[in-house]
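Q: Here are the chains, one letter per residue:
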Amino acid sequence: MKKEILSGNEAIARGAYEAGCRVACAYPGTPSTEILENTVNYKEINSSWAPNEKVALEVAIGASFGGGRALCTMKHVGVNVAADPLFTLSYTGVNGGLVLVTADDPEMHSSQNEQDNRNYAKFAKVPMLEPADSLECKEFTRLAFELSEQYDTPVMLRTTTRISHSKSIVTLGERANDLPEPKLIKNAAKLVMLPGNARVRHPLVEERITNLSEAGATMAINRRELRDTSIGIITSGVCYQYVREALPDASTLKLGMVHPLPQALIREFAAQVDKLYVVEELDPFIEEQVKALGIAVTGKELISLCGELSPGRIRTAFGLQQPPVAAGDTLPGRPPNMCPGCPHRGVFFALNQLKAYVTGDIGCYTLGFMPPLSAMDTCVCMGASIGMATGVSKVVSEEEKKKVVAVIGDSTFLHTGINGLMDMVYNNSSSTVVILDNRITAMTGRQDNPASGFTLMDDPSHRIDFPLLCKSLGVKHIRVINPFDLEQTQSVLREEMARPETSVIITDKPCVLVKREGVFQKGPAYEVAVEKCTGCRACLKIGCPAIEWRPAGDGSKKGKAFIDPLLCTGCDVCRQLCKFDAIGRGK
Amino acid sequence: MNNRITNILLVGVGGQGILLAAEILSEAVLLAGFDVKKSEIHGMSQRGGSVVSHVRYGSEVFSPTVPEGEGDILFGFELMETCRSLPLLKQGGTVVANDLRIAPPSVLMGREAYPEGITERIREHFPDFLLLDGQKLASEAGNVRAANTVLLGAVSRRLDIDEQYWLQAIERMVPKKALEVNKKAFLLGRSSGGSTL
Ligand code: SF4
Ligand code: SF4
Chain A
1 MKKEILSGNE AIARGAYEAG CRVACAYPGT PSTEILENTV NYKEINSSWA
51 PNEKVALEVA IGASFGGGRA LCTMKHVGVN VAADPLFTLS YTGVNGGLVL
101 VTADDPEMHS SQNEQDNRNY AKFAKVPMLE PADSLECKEF TRLAFELSEQ
151 YDTPVMLRTT TRISHSKSIV TLGERANDLP EPKLIKNAAK LVMLPGNARV
201 RHPLVEERIT NLSEAGATMA INRRELRDTS IGIITSGVCY QYVREALPDA
251 STLKLGMVHP LPQALIREFA AQVDKLYVVE ELDPFIEEQV KALGIAVTGK
301 ELISLCGELS PGRIRTAFGL QQPPVAAGDT LPGRPPNMCP GCPHRGVFFA
351 LNQLKAYVTG DIGCYTLGFM PPLSAMDTCV CMGASIGMAT GVSKVVSEEE
401 KKKVVAVIGD STFLHTGING LMDMVYNNSS STVVILDNRI TAMTGRQDNP
451 ASGFTLMDDP SHRIDFPLLC KSLGVKHIRV INPFDLEQTQ SVLREEMARP
501 ETSVIITDKP CVLVKREGVF QKGPAYEVAV EKCTGCRACL KIGCPAIEWR
551 PAGDGSKKGK AFIDPLLCTG CDVCRQLCKF DAIGRGK
Chain B
1001 MNNRITNILL VGVGGQGILL AAEILSEAVL LAGFDVKKSE IHGMSQRGGS
1051 VVSHVRYGSE VFSPTVPEGE GDILFGFELM ETCRSLPLLK QGGTVVANDL
1101 RIAPPSVLMG REAYPEGITE RIREHFPDFL LLDGQKLASE AGNVRAANTV
1151 LLGAVSRRLD IDEQYWLQAI ERMVPKKALE VNKKAFLLGR SSGGSTL
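Residue numbers (my numbering), protein chains in the order written: chain A, 1 to 587; chain B, 1001 to 1197.
Any given hint could turn out to be false.
Unchecked claim - Restraint ranges, calculated between C-beta atoms of paired labels, are given here: (1) B:K1177 / A:V192: 51 to 59 Å; (2) A:E214 / B:R1004: 40 to 48 Å; (3) B:S1059 / A:E527: 53 to 61 Å; (4) B:S1059 / A:L194: 55 to 63 Å; (5) B:L1167 / A:T378: 46 to 54 Å; (6) A:R550 / B:G1015: 20 to 28 Å; (7) A:S304 / B:G1142: 47 to 55 Å; (8) B:R1004 / A:G584: 44 to 52 Å; (9) B:R1111 / A:K355: 17 to 25 Å; (10) B:S1059 / A:D564: 39 to 47 Å; (11) A:Q112 / B:G1015: 23 to 31 Å; (12) A:S230 / B:D1133: 51 to 59 Å.
What the hints assert, rightly or not - Just some of the chain B residues that point at chain A, by a computed CB distance under 8 Å: (13) L1030; (14) K1038; (15) R1047; (16) T1065; (17) C1083; (18) L1089; (19) P1105; (20) S1106; (21) E1112; (22) P1115; (23) F1129; (24) S1192.
To be clear, the hints were calculated from the coordinates, so they are not data collected in a lab. For every residue, glycine included, the Cβ atom is placed at its ideal position computed from N, Cα and C.
In isolation and in its complexed conformation, chain B is listed as follows:
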């Protein structure tokens, strides 16, 4: 195994299940036999602030954070946050994003507008761009709140990790009562991994 590190970023808004998605991803990578490091900042980000989680894997990982401009995959749970984190992604990197807008305080209060044309801007810089209706697919799986697992499914197609490890990781990390919905959501996301909106 050469020491090629795969750098994945999961970004969005506090409360969207980003940390759980990052846990499942790390666990799958561990099961597949890689070294893995994961990093995020808790604390202030809890109350609706921006969240960025870094997951890096390979034969040996040093820094727990992805250096700017070296991300391979940016995995966005919310459009504006996806756009905010683009500088972390390498040229030619992949963006997988949820087609969801969550207004920040200044927009809620009507002081600023939610930016227009985000998806076009992303596509312009990063042609390898997959846009998913995570909420819709999650509803199909049985719970809107499983959108994070849908996205994970979509991302899983781009990674060299066997399906069995993903499913084992979900079993380990997701609470029992939500397990079936999450597995279904993952597989829906995985099979939709080719089509874009």
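Here chain A stands alone, though its shape is the one from the complex:
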């Protein structure tokens, strides 16, 4: 059998393929993004990006109701967006199997909060599986589809960043070929959730969870490993690996299904060991339920509610010795930065100059809050910037209102920002919205969206016309600008900020990472004429990674700017900042 090294995400895509999945739908979000980027390699699976997670789940629900197996993936916060259909899907159940992946991000490597989505499984009353390496990612995905059909329920599959993005060895299998052909079957009593029908379904939902909890006792994925029985540890997911690493002799109960918990198995395990612990990241999800069974257990007294675990943290929690480590030096940090030639840079520079109060959003442009641009004042969740601008304007003075600007990317605008703009127009807000249209979902690694003109399967499609769209929403003042032209950017911003009505400014330069031909074009690199450079540092204010300050080397504060020709894309922004004409196009 063929063995490959796959990431958890690649393995989930493989699992879906092997399970005979027909439809996969998602909105990109780290750490879940690569699942769909891999399902698209299997021509049997129709893969697509949806404008947001709610739509993605609805597409998957439709495919399931039509009788095909469907996969829907998102990052943890995406489930907040998809929660509305999810909770009712729990009542309708499925036709073809439906698996919803939630990729959680303990430690917030690239997220705005650390929510533990095991709570969603309990809240929505759906089963949840949690794999501990790539092989399990593949196997559990297959199993999740089977359980989904067997128990007539959506099944959630939870990964965490360490599982999504770490790689381990996977044995590949064949695609299932014995599944029924999808076809339309009407069944309103099950699929139309009006109160009368829903009331009939609710007891079935409760019964299903009880049945699953009982079945859990004999499921092979819930595994008791008895070693030294003085210590017994209940754990799941990547935490199981950390426990095995840090406490190789301890007995473990490795849970592959984290909701509902297999109560009988937990009781048996608890009776076999002297002292019982739960090792889990984030919330005391397992611990509280074990305690509710009346079993004495230690958990969060030892391990923090915050952040990602590691073998080292577990050793510390259990009072074991740590290996000595070399002292860490205090070094300058290396935070991420917008790319050289990023079209967002000029806009943030202008907003900073105008001292705007900027309600921000989620995307590469969130980096606009960092120095030297320092031009973002809020960032809460996808699509929030526009609604927040309306809200801020409702309470501040007429003078301060003029400072309020919402910034939002093309993908984020289409995700959930558009609703905010509708509200802004409808409720006569006077804020300014800047749509940073770089024609791609850049932050997660350049995925297409309805504004890029292509689908995930690389078919050409309609490209949203933002000015026309905004017009149809009732925006009267719409300006399209070149964000590399600082003077234009600043003057248009100033005019629209002063206007006592809603206005939208759209930038029209692509992200430097768009690889599709004819979209992003790199120009010749710029140069600093050393003799003209006075060392005034004006060009450093835009924070382009291609511009370096070179000290004179005599211990003084003096020095000159230098442009790295390999990094510079020739965007022209720095040239406009130099009063001494020292920056120009190279040869």
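Starting from the known structure of chain A, arrange chain B with the ligands on it as the hints suggest.
A: Structure of chain B with the ligands alone, referenced to chain A:
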């Protein structure tokens, strides 16, 4: 085979080809018949941030990350990042580093200085320290961008993996048009594995 795990860390700056080097390494280890796990964080690290990739192999590997103070080899693509990750390395561990400085934003803007004397500091704590001019060797092989494969070649001397597996792994992981340059870069790094700067 006893379950001795070999812990390797590849560190540097986003965009330096660290992830590809880690893929080649893992693939070579798989071909040589070991269990292997590899871990790194994508996302925010893409836009020029620090990157740390963990590769662990042995007869059975549990944690995908190397616990602090247990790294056997620290494989640095950039000097400051090499220094930053020293606490991950065990006492007496090996450092193989590229003699390259990439300024972070605060240094680019002239607010902080790039730290001095990094190589001395590394050597003081970790005498088994191999410093390579990766860019120069990569140019010799035909492309500066193959510095990651040069370093891999240098590291390969310290690992119990047959040369054939390394070359097979490079063939599998590197795109066709860059294959010859990368093989050459690997062999250059491998033969330079003894000398230091
Ligand atoms: S990826 Fe694109 S949008 Fe993001 S920082 Fe780079 S150029 Fe800007
Ligand atoms: S032209 Fe100036 S601002 Fe634009 S990428 Fe080059 S150095 Fe950076």
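Q: Give a verdict on every hint.
A: Hints, one by one, checked against the model:
1. B:K1177 / A:V192: 51 to 59 Å: Holds, at about 56 Å.
2. A:E214 / B:R1004: 40 to 48 Å: With Cβ atoms ~43 Å apart, the hint holds.
3. B:S1059 / A:E527: 53 to 61 Å: Between S1059 (chain B) and E527 (chain A), where Cβ atoms are some 56 Å apart, the hint holds.
4. B:S1059 / A:L194: 55 to 63 Å: holds (59 Å)
5. B:L1167 / A:T378: 46 to 54 Å: With Cβ atoms ~53 Å apart, the hint holds.
6. A:R550 / B:G1015: 20 to 28 Å: holds (22 Å)
7. A:S304 / B:G1142: 47 to 55 Å: holds (50 Å)
8. B:R1004 / A:G584: 44 to 52 Å: violated (59 Å)
9. B:R1111 / A:K355: 17 to 25 Å: Holds - the Cβ-Cβ distance for R1111 (chain B) and K355 (chain A), about 22 Å, lies within 17 to 25 Å.
10. B:S1059 / A:D564: 39 to 47 Å: holds (46 Å)
11. A:Q112 / B:G1015: 23 to 31 Å: holds (25 Å)
12. A:S230 / B:D1133: 51 to 59 Å: At roughly 54 Å between Cβ atoms, D1133 (chain B) and S230 (chain A) fall inside 51 to 59 Å, so the hint holds.
13. L1030: holds (6 Å)
14. K1038: This interface hint holds because 4 Å falls under the 8 Å limit.
15. R1047: R1047 (chain B) check passes; min Cβ-Cβ to chain A is 4 Å, inside 8 Å.
16. T1065: Given a least distance of 6 Å, the restraint on T1065 (chain B) holds.
17. C1083: holds (6 Å)
18. L1089: Cβ of L1089 (chain B) sits 6 Å from chain A, so the hint holds.
19. P1105: holds (5 Å)
20. S1106: holds (5 Å)
21. E1112: With Cβ-Cβ at 5 Å, under 8 Å, it holds.
22. P1115: Since chain A brings a Cβ to about 6 Å from P1115 (chain B), closer than 8 Å, the hint holds.
23. F1129: F1129 (chain B) check fails; min Cβ-Cβ to chain A is 12 Å, beyond 8 Å.
24. S1192: violated (24 Å)
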